[in-house]
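Student: Protein sequence lines, in the order shown, are assigned to chains A and B.
Be aware that the first sequence starts at 1, since it is given in this note's numbering, and climbs by one per residue.
Be aware that the second sequence starts at 1, since it is given in this note's numbering, and climbs by one per residue.
Among these hints, one or two may not hold up.
Calculated cross-link-like contacts (lysine to any residue; reagent style SDA-like; alpha-carbon spacing at most 25 Å) [said to hold, decoys possible]:
#, chain 1, residue 1, chain 2, residue 2
1, A, Lys36, B, Lys14
2, B, Lys20, B, Phe67
3, B, Lys20, B, Leu74
4, B, Lys41, A, Ser52
Hints in this document: simulated from the structure, not taken from any laboratory.
Below are the chains, spelled out letter by letter.
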Amino acid sequence: GQQVMQIPQYQHVQEGEDFTTYCNSSTTLSNIQWYKQRPGGHPVFLIQLVKSGEVKKQKRLTFQFGEAKKNSSLHITATQTTDVGTYFCAGGNEKLTFGTGTRLTIIP
Amino acid sequence: GAVVSQHPSRVICKSGTSVKIECRSLDFQATTMFWYRQFPKQSLMLMATSNEGSKATYEQGVEKDKFLINHASLTLSTLTVTSAHPEDSSFYICSAEGLAGGPGDTQYFGPGTRLTVL
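Next up, chain A with everything else stripped away, as it sits in the complex (with noise of 0.2 Å):
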């Protein structure tokens, strides 16, 4: 079956430095959405790529769907201690397989 994996499982960044998690799938996705969860909480909804090699930003956030539509990453500029929280990407064509995740930690 589909397979989304994540890198890193884990980053520890001072508060302050940029951060990166990246997405990949074992097949050609449709669409690629990214999710945050804080410690306890439900996954929020952040965006959604559809086009390939599509680029979107809000604030301090970047998000790529790669070319061949099979990879994606999320880059954060600056972090600050709101960004606390794991990250995940999914993607699918009818349903969603969620990545591993990326568990983001802050050091004030």
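Given the coordinates of chain A, work out where chain B should sit on it, guided by the hints.
Tutor: Showing chain B alone in chain A's frame:
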């Protein structure tokens, strides 16, 4: 915006009992709802896809007789964990997809239900 609620938010039950979890789309109609399970520090795993008025489609390895799903209306789906055991303790999250349907539509997630089976 689209809001999905779940009830209860937390439940503690004894081994062998059944627990029903409700998932409601509050301000939109959802033809499709999804049920996920998340163990601590792990990703969300899709359990089943629930379509209004038809039988749910279960993912491989998920026992349909243990996890009963009923999608009786366009705003309500229920998941019943029958004869719960400690290994069923998990965070159960539902999501709902709007009427537009089709690949790529956003799923709106409920706040989750944390089930603890003693």
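Student: So, for every hint listed, does it hold in this structure?
Tutor: Going down the list of hints, with the structure as the test:
no.	hint	verdict
1	Lys36(A) <-> Lys14(B)	32 Å, violated
2	Lys20(B) <-> Phe67(B)	10 Å, holds
3	Lys20(B) <-> Leu74(B)	18 Å, holds
4	Lys41(B) <-> Ser52(A)	31 Å, violated
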